[in-house]
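Sequences are here, hints too, so could you generate the full structure?
For the record, the sequence lines run as chains A, B, C, D, E, F, G and H.
Quick note on the numbering used here: the first sequence kicks off at 1 and runs consecutively.
Quick note on the numbering used here: the second sequence kicks off at 260 and runs consecutively.
Quick note on the numbering used here: the third sequence kicks off at 519 and runs consecutively.
Quick note on the numbering used here: the fourth sequence kicks off at 778 and runs consecutively.
Quick note on the numbering used here: the fifth sequence kicks off at 1037 and runs consecutively.
Quick note on the numbering used here: the sixth sequence kicks off at 1103 and runs consecutively.
Quick note on the numbering used here: the seventh sequence kicks off at 1169 and runs consecutively.
Quick note on the numbering used here: the eighth sequence kicks off at 1235 and runs consecutively.
Honestly, the hints are just simulated from the structure, not real lab data.
Computed spacing ranges between beta-carbons, pair by pair: (1) 1028(D) x 199(A): 55 to 65 Å; (2) 545(C) x 434(B): 32 to 42 Å; (3) 270(B) x 1016(D): 37 to 47 Å; (4) 811(D) x 1045(E): 42 to 52 Å.
Just so you know, even glycine gets a beta-carbon here, dropped at the ideal spot from N, CA and C.
So the chains spell out like this:
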Amino acid sequence: MNDELVIGGQVVRSRLITGSGKYQDESIIPQVLEAAGCDIITVALRRMDFDRPTENILRHVPKNKILLPNTSGARTAAEAVRLARLARATGCGDWIKIEVINDQKFLLPDNYETIKATEVLAAEGFVVLPYMCPDLGTARRLVDAGAAAIMPLGAPIGTNRGIRTRDLIEILIEEIALPIIVDAGIGRPSHATEAMEMGAAAVLLNTAIATADDPIAMARAFRLAVEAGRLAYLGGMPGASTFARASSPLTGFLDQTEA
Amino acid sequence: MNDELVIGGQVVRSRLITGSGKYQDESIIPQVLEAAGCDIITVALRRMDFDRPTENILRHVPKNKILLPNTSGARTAAEAVRLARLARATGCGDWIKIEVINDQKFLLPDNYETIKATEVLAAEGFVVLPYMCPDLGTARRLVDAGAAAIMPLGAPIGTNRGIRTRDLIEILIEEIALPIIVDAGIGRPSHATEAMEMGAAAVLLNTAIATADDPIAMARAFRLAVEAGRLAYLGGMPGASTFARASSPLTGFLDQTEA
Amino acid sequence: MNDELVIGGQVVRSRLITGSGKYQDESIIPQVLEAAGCDIITVALRRMDFDRPTENILRHVPKNKILLPNTSGARTAAEAVRLARLARATGCGDWIKIEVINDQKFLLPDNYETIKATEVLAAEGFVVLPYMCPDLGTARRLVDAGAAAIMPLGAPIGTNRGIRTRDLIEILIEEIALPIIVDAGIGRPSHATEAMEMGAAAVLLNTAIATADDPIAMARAFRLAVEAGRLAYLGGMPGASTFARASSPLTGFLDQTEA
Amino acid sequence: MNDELVIGGQVVRSRLITGSGKYQDESIIPQVLEAAGCDIITVALRRMDFDRPTENILRHVPKNKILLPNTSGARTAAEAVRLARLARATGCGDWIKIEVINDQKFLLPDNYETIKATEVLAAEGFVVLPYMCPDLGTARRLVDAGAAAIMPLGAPIGTNRGIRTRDLIEILIEEIALPIIVDAGIGRPSHATEAMEMGAAAVLLNTAIATADDPIAMARAFRLAVEAGRLAYLGGMPGASTFARASSPLTGFLDQTEA
Amino acid sequence: MTITLNGKSQILDESAELLAILHDRQVDPAHVVVEINQSIIPRDAFATTLVNDGDAIEILRFVGGG
Amino acid sequence: MTITLNGKSQILDESAELLAILHDRQVDPAHVVVEINQSIIPRDAFATTLVNDGDAIEILRFVGGG
Amino acid sequence: MTITLNGKSQILDESAELLAILHDRQVDPAHVVVEINQSIIPRDAFATTLVNDGDAIEILRFVGGG
Amino acid sequence: MTITLNGKSQILDESAELLAILHDRQVDPAHVVVEINQSIIPRDAFATTLVNDGDAIEILRFVGGG
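Quick look at the structure:
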């Protein structure tokens, strides 16, 4: 089976994208990435802390991974664009996750500023993956703006609540030709499996792995979960019914009288 | 990690148990079992069909598997006991799945007859796995009756509806010392992952694999899903919250004025 | 519309049954019952507290209500029978709610002892309403034992979790000819409406009203909710669909060119 | 209790808003409105059908109702504005439900065009109630644009699927100072009760009543359901728990030995 | 002369008042709202508004809607 | 003599009628139901039932319950 | 003589060994389990078990099941 | 002279090359990206870029993020 995911012209083998935030001990990240089997990892851009000048997250990221910097901290399209350009100036590639957030309680993305930033950055050649609140009209505008994939939230960042916006994401999967990547809210492997069964192209998560008791085991769990859901999506799951249908034959019983 | 499942004194490596019913083409069963990685497979006992005397499901079952005959067709404890004894007389082992059903629309198990059959068969040395409607009082009596594991239904057989009895099964997992195996209702890998995340010892399913468009792929999907859920259960999943918690640092933003 | 509920040969107008436990101030019970509009109210039997010999819950219960004593405290059928007989000896009628509980964490009813107690008490002329863990086999035996209605739990007592056993209760409603009364778990009016929409004959609840900030308002809320759900059940609710269907006409738009 | 809903400076007594579409027999609308007890009713604007020049929906609408014309048929803000102005020119008031839809399969509103239309019409003195896909950023912009209330969808129009966007609507209720009216998707009274329990200011529905077997009974059911949910919201519902809490006293049992 | 009435081409013998057009079609003026060439015609101007060759007229009324 | 009343050991001077025991404790006989040695005593027998040494008496009444 | 085989009436010329009955029907004895008049016949007794007039025989084997 | 470095006011003795400022602070130039007065400085210009009085410098690097 040739089941390739292509984003921004690049073939991505793994449908699990992980974040690098919130680790108590960043030195386990290589093992986590290995267990997760992922090709893409997100990072954030922040001011150098001059008290710890040698700290460097990239030390923990194998060279062959695609780096997906986010624009966290941006409250407007302009700020996101500025952060994206800075991220690219590091020389680590031109992928960018747009994250424009005005709301500090739920950290919900601002779809309007996100569209504007996508437009500018796609025109500058970035591979743009916008994080968005699921909404068909926004998704269509992001397609027009040149996004490489659409990343609707399942639930607010870090809540682990699962795919609480399921109906809206299903509509995106049905109507939008770009890869739909469920980003945020996925707190358990079963949520990831569910997203993939729905036909999501990939899932992006951070908290559920980074804050698990055993992040390496959890990374492996999510890798298997994503693969399970993808296989099920491709393998043609049977539908659900109200009444029972026996698994064992309904004939040939003991003691029946036959003609 | 030493995460062994022991049933009836026997170590079982795989936490996925599959049925052998409903296959359009039984010759793929070896590949399905291989893809599912399972150690235990259920079969039913039926009258020989003299028009097809050479048909033999066991041809398709590798020798090293544990055969788990069910008592499907039984409507009373006495019939289940009779079927169990016949099953053992085949020389294929002494495991038995008790299935006593009086209801033809939902194929729900009769907990009372199930307890009685368990009592008799456990005393005769069978490894008894009773299929039951989730209920704490019944589960306690099955423990006393000598069951080797308890198999509550997630939803009626063949409905693929998922774990619709979740709260009741969670109580069994919390209160009963035997392995709890979710049997029936599991229609998608995400359901299996969910069952394992809840702390189920294993899942048993048939319809979801046998009637999939691609049963081999689906078998593999369920294997991964079960493993993912088990890893997550062991790996300490973080809880869910209402408000968002950022994945990227909340300090060090561009343009902030610092003291 | 002639929509009568008959239990034990008696016509009951209200489909909301309330408990009298857990009130901080029992003197508001008459107003609560008035607001709830209910005909049946449950009470428990306990030892007289000689330090407060004049306390008497019946003072707060209008004469025209049906008193439904429960057998709470019983751990066996024998204890439930004994309590039921004592309850009848008070001269307050022969209705009895069987409640046999062995489990102190989830307060789940013991279906087996419940059947036995029902058998004895129905034979003695009681109007028997058994509280049970939803299970078709148990319900059938309760019918045979002479129960006047079947009262499956939606969730454990006092949890306010809603109808977490929905699929099993729907089967009871479909298969059992007696009134099905959802008892326990109903924490919000929407849960009561849902139960009635499913076709439940009535709901029984205590905690959700008694521990509300404003029990009288909440009693009225549940009364309306139950009536709403019943009307909807009788009034033929349309089914759900995946795709949208316009509420406004799809013709006669401005600016369309017509032939 | 003084629990007033104020929209556009006008006090609205009923929190149930109904549509007038899809009735097989429009002559029952007065009885439906009476049973629903509603103050606001939606209508659409369409070309006169010269074959039936005397047909007139307003004949069926009592004079004291607030008419809420929608802009159905509009695919852009400009078209919605044009329809709104035409609606106002009828002399039936200046309330307008903005409905800008570009998607014919799910009939999802276009949030961007909706904001633009709201801006124009609010400036012209309309009482603007925009139908929208739930999204905090959009809701904030609608507030800024001068909306009188925000009307997020629970599910696509006419699907009766219930409040499938629950988490997003809860965020709107928490964060937005305007009345939040759940519009579309409400198919059963329990859905309406749930919306009101969440703290919605009102619900708007059409299909669930108009296509019921008995629209008048269903209208009454929804009226009660809405009132039940509102009372519960105000009356302080107790929270849910995992473990049981007895409703009957845990002391004073028969046969206990006391010191 | 030719007008477009609710999207349909119609031939009129001569210029007519809007009100007459409504009356000819049994339409109660109190129940409709009218646009000519995308301009709304106030109801009290129906009697004095002349419909001319080439005019696009939209005559709308409320119907059941959600 | 010693009786057990609602699970508590109690000493009485002499054999007493059940009704007297209730009255001593301010209990309204109309509100309770009584078991002696696991046999229910009908209310109209309260006045004539003698409580004897060693009797186990349960005096119960309804309370709020769910 | 008449026997009932898997619920169907069958006429046999004469008393026969169970094993012969299986062979006549191309049934591999290793794959089945047999009950005569509700008593299980051990596989190693197939050759020595005589089927008699009026016997009810059930010949069962495993099939796919869930 | 005074510059603003990552939002903090800093006093420098004299005009300095950006690279020197990084070195002074043990910062590996390969790991950071720098903006001066909101213009990005290419890494190969670090050595030749002079920081002047009043400049606002942002020195950023990747950190863990989601």
